[in-house]
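Please put together the full structure from these sequences, using the hints given.
Each chain is listed here by its residues.
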Amino acid sequence: MKHIDILIIDDETKFADMLGRRLSLRGVTSHACYDGQSGLDWIKSNPGTATLILLDLQLPDIYGTQVLARIKSIDPAVPVFIITGHGTREDETACLAMGASEFIHKPVNIDQLTTLLNHARGEGK
Amino acid sequence: MNRQPLIIKNQRWLDFLFHRPNIHLASFQTISNYPRIWIISILILAVTSLSPLVMATFINNRLIHKSVDAELVLQTDRVTSNAKRSMRFFLEERLNALRFIVNELPYYTLIDNEHLAKILGNLKLGFGGFTDLSIIDADGSQIAYAGPFNLEGKNYKTQSWFTQGIEQDSFISEVFTGYRDIPHIIISVRSETAYGRHFLLRATLDTQRLMDMLSSYKTNVHTDIFLLNHSGILQTPSTIFGKVFTTAPITIPAFSDTTQVITPEINKENAYVIGYSYIDTEAVTTPFILMVHKKKSDVMGTWLNLGKTFNWIIGICCLVMMVIITLVSTFMVNQLYLADQAKAETMLKMEQSQQLACIGQLSAGIAHEINNPLALINETAGYLKDLYQYTGEHRSDKEITELLDDILEAVSRCGTITSQLLGFVRQFDVQISSVDVEKMINGILSFHKKETEYKGIHVTTIIAPNVPAIETDRGKLQQILLNLINNAFQAIEANGCLDILVSHLPPKKISIEIKDTGCGIPEENLKRIHEPFFSTKKEKMGTGLGLSITYGLVKKLQGTIRVESSEGIGTIFTVTLPVKMQKEEKA
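Protein sequence lines, in the order shown, are assigned to chains A and B. Take the first sequence: its letter number 46 is residue 46 in the working numbering, and every next letter is one higher. The working numbering runs 1000 ahead of the 1-based position in the second sequence.
By construction, these hints were calculated from the structure, which means they are not laboratory data. For each residue, glycine too, the CB sits at the ideal point set by N, CA and C. Don't take every hint at face value.
Stated by the list, open to error - Using C-beta positions, here's what the derived DEER-type ranges look like:
#1 Lys44/A x Gln1582/B: 46 to 52 angstroms
#2 Phe1447/B x Pro60/A: 39 to 45 angstroms
#3 His119/A x Met1347/B: 34 to 40 angstroms
#4 Leu25/A x Met1347/B: 55 to 61 angstroms
#5 Glu1369/B x Thr93/A: 21 to 27 angstroms
#6 Asn109/A x Phe1447/B: 17 to 23 angstroms
#7 Lys44/A x Thr1391/B: 44 to 50 angstroms
#8 Asp75/A x Asn1525/B: 55 to 61 angstroms
#9 Thr1560/B x Lys44/A: 54 to 60 angstroms
Here it is, written out as structure tokens:
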């Protein structure tokens, strides 16, 4: 499987697509999954492929924190950025405790995101 | 600076009378009309406690007056009876002596002057009170005379006493002066000579003796005893009405041969009692009425004075009780008012914080829902802009790029608003850690370095040396200070001043005072600045959430916030925080 930079797991399909396109314009490869289960499946079938995972909390099938826990059980090393419009303080504390690297509120600043990605790449190397 | 503290807490005694009505508080108060409660309380206490006292005093007064009246009547009755008996005895005794003389001695011995003088001597010796004796025949000529005056040969035919005396067996005259010009009484008995001709044995009685006898019944100076004739002329001197022969201004009481007491209904000041009796002997009626006059106020003075003193004492007691009742009522009603006020304040605060929490939750919900479409707009507009920038098409069309920038800026503003709204919900969790206030303030001020230099603002930070590091929620305190300092910078014009003063309020509090020389807040806005969405920054960046969040945060940190402001002069925000914040039990 070809290596990608970012895996986007978000049920807002248009948002995920648009973010993907903008990232690709900046030379960042990405893949989008629109619910938790498909995201997990993708990770299982493509282990170690993504440098970074962007994870929404309000997913239609599995709540984001559970998805995070499962991602960490599959691949504890991959950095996961939570990106949400709904984040409460509890969610933030819980996610950071469970190993999420960042907790970002929507709307996202694309430049900020690419900076964070570069950090993650640097750490990965 | 004209300071007008928002919260005024002076606890005074008459708060409930002079408080400024507060519409917001009034709806939470149990009682609305405290002055009325106060007056009712005073009235009820006064009536219940004073009425028994007043009634007892009234009854006591009535009893005193009644018993005084009864006692007075009894006394007067007794004195009158006794005096009347003596008077009657005095006259009867002397009349009977004369009767004995005319019955015992033959006429010819009586008309002998020497013998008559001897009889007079014996009478004076045996009874006393006699002045002279004379024998007068039926024509009124004086036949014989014994006594100090030279009245021999006088004719009394024209004298009224003679005409009355010759028609009756016995006779007692009024007091009169007669030929000798000295007040005296004549008593006479009629008898017959051997030839059947009437003659009179007449004696003159000394009035002094009578007066002495009467005055012996005067028990005290307030009692007046005197004789009147049937037409109201004084027969003996009276201490009240004057000398003998003056007319006493009293209505002659109706005839009674027994002792009577009358109590004329005159005003209470000069009330008096009169005892009287018409004096009759067995043989003849006399022209005398015995009068005993007693002044109530004088005779029963001691009793009445006692009553007066008692009334005074009761009056003073009532006054003292009224003062105590008023003070106690005032105190109690004020306490009630203060308690009610405190309750109303708490309830108002509760309602405000509930409203705030409600609004917070609602806003947070809206913010959440808006964030997703906002993110989509952001990405879509961003992508459009990217297309222009990265593909090179329409790169020259600056207008479209600018429009896209406008959209992105608007989205960013919306993002600020939603994140502030989310701050409402965030207020409810607290993480306590040790915070150095000075460092935090300096950190915040460093954000404004450029603005400070550009506007020429004088920033002074004074940290009292004894201010300790405090244990509180770092994030919340930072947001509070950030909001207040931001506000101050926005208010300050060029060359203004910003003073930040941190001081220790021993033992357990610190205060942070942020004072600016900005535009100030009008009084009507002061009450509203903590309401969410209240903003005066119309066209600019204001969301109207800053201060309401700040108020909520300060409360969350168990502190208080106070604002004093004068329009055009400046504003002072004072935040008071506990040195060591207590962990809250989650409900």
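Outcome of the hint check:
no., hint, result
1, Lys44/A x Gln1582/B: 46 to 52 angstroms, "holds (49 angstroms)"
2, Phe1447/B x Pro60/A: 39 to 45 angstroms, "holds (41 angstroms)"
3, His119/A x Met1347/B: 34 to 40 angstroms, "violated (52 angstroms)"
4, Leu25/A x Met1347/B: 55 to 61 angstroms, "holds (58 angstroms)"
5, Glu1369/B x Thr93/A: 21 to 27 angstroms, "holds (23 angstroms)"
6, Asn109/A x Phe1447/B: 17 to 23 angstroms, "holds (19 angstroms)"
7, Lys44/A x Thr1391/B: 44 to 50 angstroms, "violated (36 angstroms)"
8, Asp75/A x Asn1525/B: 55 to 61 angstroms, "holds (56 angstroms)"
9, Thr1560/B x Lys44/A: 54 to 60 angstroms, "holds (56 angstroms)"
In the structure shown, a violation is registered for the earlier hints numbered 3 and 7, in ascending order.
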